[in-house]
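Enquirer: So you can see what is in the structure, the chains are spelled out below.
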Amino acid sequence: MSGTRISATLVVNDDRTIACMACGHALGPAGEPWKKSARLDEGPMQGAGGAPYSNAERVLLRRFFCPGCGALLDTESALAGDPFLTDIVRV
Amino acid sequence: MDAITFSIIRHRLFRVIDEAVITLKHVSGSAITNEGHDLMVSLYRADGSLLMGGVGFLHHLTSAAEACKAVIRRFEGDIGEGDVFLTNCPYTAALHTSDIYLVAPIHHDGRLVAWSACFVHVYDIGAMVPGGFSPDSRDIFTEGFSSPGIKLVEGGTMRRDVMDTLLNMVRAPEMVALDLSSMIAANNVARERMGALIDKYGAEPVDEACAALVDQSETLFRKRLRELPDGRWEARQYFDIEDETCRVLLAMTKEGDELTFDFTGSSPQSHYGINCTYWASWGGFFAPLFPLLCYDITWNDGVLRPIKMIAPEGSVVNCTRPAPVSLATVGAIQSVNNAACTCIAKMLSASEKYAKEATAVWHGSHFAIFMFGLNQRRQEAIGILTETFGGAGGARTWADGIDVGGEIPNPIGRMANVETTEATFPVRYLFRRARPDTGGPGRWRGGNSIEFALVQHDSPEGGINYVVSGKGTEFSMSEGLGGGYAGAPCAYRWVHNNEAGEAGRNVNPFPTELDEMTGEAETISWGVFPLKGEDALYVRSDGGGGFGDPLEREPARVQADIESGMVSEGVAASVYGVVMANGAVDEDATRARREALRATRLATPMAAE
Amino acid sequence: MSQQGDARYVVATDVGGTCTDAVLFAAGEPVRLGKALSTPPDFADGVLAAVAAAAESIAIATDELLARTALFMHGSTVVDNALFTRSGARTGLITTEGFEDTLTMTRGAYGRWAGLTEDGIKHPVATDRAPPLVPGAHTRGVPERVDYKGAVLRELDEDAVRQAVRSLVDDDEVEALAVSFLWSFYNDSHERRVGELIREIAPGVYVTLSSEIAPVPGEYERASTTVINAYAGRIASDYITSLQALLRGRGYDGPLLVMQGYGGLLPAEEAAERAVGMLECGPAAGVIGSRHLGSLMEDEDIIACDMGGTTFKVGVIQGGTIDYAREPMVDRFHYVAPKIEVVSIGAGGGSIVSLDPATGVPGVGPASAGARPGPVCYGLGGNEPTLTDVMLLVGYMDPGTFLGGTITLDAERARQIFTEKVATPLGMSVEDAAIGIYRIAAAQITDLIHEITVERGLDPRDFVLHAFGGSCGLLCGVFGAELGVRRIVVPYTASVNAAFGLLSADIVHEYSVTKTLPAPSPAAEINEIYAPMLARAREQLASEGFADDAIALDWSVDLRYSRQVHEVTTPVAGGGPMDEDAVARLTADFEALYERKFGKGSAYRAAGTEMTMFRLTARGLVERPRVETAALNGADPEAALIGRRDVLVEAEGGLAPANIYDFERLVPGNVVAGPAVIHTPITTIVVQSGQSGRVDAYRNTIIERD
Ligand SMILES: [Zn+2]
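Read top to bottom, the protein sequences are chains A, B and C.
Going by our numbering, the first sequence opens with residue 91, and the numbers climb by one from there.
Going by our numbering, the second sequence opens with residue 16, and the numbers climb by one from there.
Going by our numbering, the third sequence opens with residue 5, and the numbers climb by one from there.
For reference, chain A alone in the conformation it holds in the complex:
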């Protein structure tokens, strides 16, 4: 995959778009928040990784997926209503 790496899962292409490192699916313009362009599963953290996650009753696990290939691009833990974490890389 060509392009300049901006995270473990994303690149910025020559056309200045952010893209999935795995499949090249575009996720909006470089230098802008990309998460809105991803698919999101927001479910309870409780049990998300198995039995030891049983205490995590209130917190949510946000999983952002590539709409092109379904790759898991990023995760966040969040209380309901807290904004997405925004990472901007300038390349």
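Mixed in with the good hints, there may be bad ones.
[Said to hold, decoys possible] Some chain B residues close to chain A (C-beta under 7 Å, calculated; not the full set):
id : residue
1  : GLY217
2  : PRO220
3  : THR488
4  : THR619
Derived from the structure by calculation, the hints contain no laboratory data.
We treat Cβ as the ideally placed atom computed from N, Cα and C, and that holds for glycine.
Position chains B and C with the ligand against the provided structure of chain A, taking the given hints into account.
Expert: Showing chains B and C with the ligand alone in chain A's frame:
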């Protein structure tokens, strides 16, 4: 300065610290100093700036610099050869009152040329609760003795009145005296060895080498920063204390060769002693920054120069006096560590060259169980359960996190043997092991954490007390990276076997799992509790964060994890999409399952909706 | 053990990682040396080759020498090698249920950082544990529990044991089993029963019990030791048995004595059961040899240095006693066994000189060019400048006479590579750069030795420095002077340090009982602890043929201040059995030792003092001929002067003319005034200005300040 002399002087400066650390451990003789390595010795330049930091609890490298600077300001004109100053005021420099700094000027030919500073977590500080961690304190005034600066040794002579006053305010004064003696001895060794170095090479060349060393670190660090992409990365940490939920928000901005850590938006200061003072937060992000970004650069003031911090006054990361802070080191400072680790790791993983240096969060909660009471030999026993130093490694971009693999801010911690703890405290372990499924799932999984359970054993008082300092039970503090899940949260359970026994049920004396215990397991997270009769305490620490998409994990690795008992078959199927049949990976079923899981992902809504 | 018939030679062989050394001597004859390359994994070939080399020096055949040998002493790196190459047995572990992860958890981060350099520790993201010798899947927990007093809280579940053994042997196909239960050093009944059951169910499996191999507190280190012994057990016993058979076949019918890491010998049959005892026995033998040499020269306080191709090793002898390592490691595995403490850094002749790519700051090691390709000047393809090349550039080595002229050194190439990779980037002349690197190496060694003495509460100025190894003589004049040692001894046997040490070792059995008693306690109670150890020791030594007058029994006790972690092994002055005065004296001696080691004011008496371990060192004194001394001649070394050339003279700050001597032509009594260089067939000794080098009656070179 020629490169040869520089090389020799640099090597000697490291040895100065090593020898001072050896001395500190020797004289102190305490378990927390010797086993937990909860100590630090560093050298500072004449202006109090960090010259060379040793390997110890890294939060302290910068805070001790502030201690030096505070002493320089406060005692200007009254700093003499052979003096040793004490400060443990969290609003001046220290992290909490239990961490006492002793700083000592180093003179040569009557001129002040450098400072040495060290810290240990003293045995007691006269706070509400023995040992200093005081969940019930609501202000600094109930957290024990606190000094913004006092001269303990004058011209090589101990100020008896000062020492006696200090010792009059603490439990077990002999133990605290030994802690203080060990630090005085360490400072003495640092002074002698610096003196010998200067005698051999001359004051000017040594000072020149020190300046060059600091400049070199700055040059190298700025060069590294320029190699990394510009950007702004965010991290968020939650923690729950009783009725409060706190947030630590961090936005780290990197521009050119400068870094800014901005904590704007973090929660107002807490009623509980988990708050950080300004300098605690400052030290809190340097603790991961040194080993993650400067692993091959000398840790000194040069690394500090390109860094700025914004921490709102009155917040949990910059509390206002007299907010309580006795649990800062196991409280908000850990969240600062973790948030900084996450932001730095995100920046590293945005670089082809440095992605291999990125890591998910290690041992985010830094859980601490502090015990106090009479032991089986009727001696007073106060101390931390060292399982906290067991930790759990965060996943790397190229390898799994290390099960029970420690933590980043204390590079050489270790936990005591079960036999050591059973000989020190009147307790018996029911089990102690790595807990499967606690490491955050990912292409590389987070390291699993430790779980253990204790009952009292042979206690002359029928039991002992323990302090639980919460946080990390409701929230996963070890965040994942690049799609990896956060590690599992902590769990503390008070198992009420006494009640079960009274109700006529047979109490299982040898359970090897939480589920095998007879009594009701009550979730606890904050306060002082008894461990009496047949009641048990169950503790599980948090797992390390994972890295990458769990569906990308090689099935063979998942199988190996199942075989070694580190991942359950259930999680293998539900999270990793790996289906086992007859002890081996069912390739077809796995492919189908992973495809199905991906299809489910593609059926989720767009985040914007 | 006495000599029989005309068998009068004593032969010692030490198998090291690179070379196998042999030393032999007999009454009325000088010490002879032999050297050969080590031959892993069939180390015995190298042993015979080294013996043959030594035999050649007295012009007899190997078989004849062996037929005339009364004692054959042996040290070997075979167990270390088994671990480094991971060639041991497929091993399983049986432990207390609920604590199955003790070994793999390595006390948390401890197993991740222990054994790393400081640079490695500061880079945690790049660190990992070594893969365990027993994977988690080959560990079985069985129900049983003993408490901190040794009381059984839960009986051993024998059915569970049987099941565990069967599944480990049948399903996991293990060939060796380690058994390590909590608190088994206080109560070994459960472990012993498991041992019986294993022998019953799976008689072919090699078994090690923790209560036998390491009866000491600390379940992680104890389990690790047990596993190492089980893992390497068969290799060690096969090795010793086959060496014994080989020697028998070549005409030797005396005992084979095997070196242990604590510096004593064990008869072959016993050593074969204690693989872990052989770990690091070479360096231990070196320190024992140093102590022996010191006793011949009436020095009791010695810093023993050994600098070879890749490492610089230091051991400390104080008042004739040697400290044991507190936390020994092999590869990156912890073990607990009495082992002479030898500290090492990666600084040897083959250490590579390089500039930090980021800063341009020069450094020496820890990377090494090893024996192959070796230093540039050897002309074996080495392309990285090494410390040995630097020695050549500062004039200390003579291209023509190196190793007795067997290798001609390529000075031109060394100079060219050094210029290119070091001097030019530093912007310095070749000479200045080489002198600078030499000083960096000397400073690193000075700092290491200083730190080690601080660790023990000692002052190097009270010590004599022994300089062993091929490279030590080149540097000792400089770092010895900076440390301010009383004098420096470059032993005649400098190049066969470990083998020489074997010659002076006795048969030693170490016994210990772990038990906590307040100090002082009634003498009768202490004597009672010793009674079974004494009985075992006497019986053992008697069975090895030692008469009562050839037995020495040394008592020592580990003491500590209650609630303090530091324990100090304190000798019982005057030996046992003890009376009340002796107990009082023991406590007083502990206090003095503690203050000396840990500093003034470090004692914390308020909580009392306690004894934690009772040790018995039982020695069978091996009869051996005395090393012959030579008559002393006049001081004038003129006859050995072979030239004069420019070499680094530290006091001059650069190269200056110095006399060059041939060691083979120096005779005892000769005194060489510095600056001077003495070439021996194996090494080079540099005497700095302001120093003189004297050849003594044992042909040691003694360097002293003028
Ligand atoms: Zn994609």
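Enquirer: Hints first: check each against the structure and report whether it holds.
Expert: Evaluation of the provided hints:
Checking GLY217 (chain B) against chain A by beta carbon gives a least distance of about 48 Å; that is not within 7 Å, so the hint is violated. Because the closest C-beta pair between PRO220 (chain B) and chain A is about 43 Å apart, greater than 7 Å, the hint is violated. The restraint placing THR488 (chain B) at the interface with chain A holds, with a minimum CB-CB distance near 5 Å, inside the 7 Å limit. About 5 Å separates the beta-carbon of THR619 (chain B) from the nearest beta-carbon of chain A, less than 7 Å, and the hint is met.
Checked against the numbered hints above, the structure breaks hints 1, 2 and satisfies the rest.
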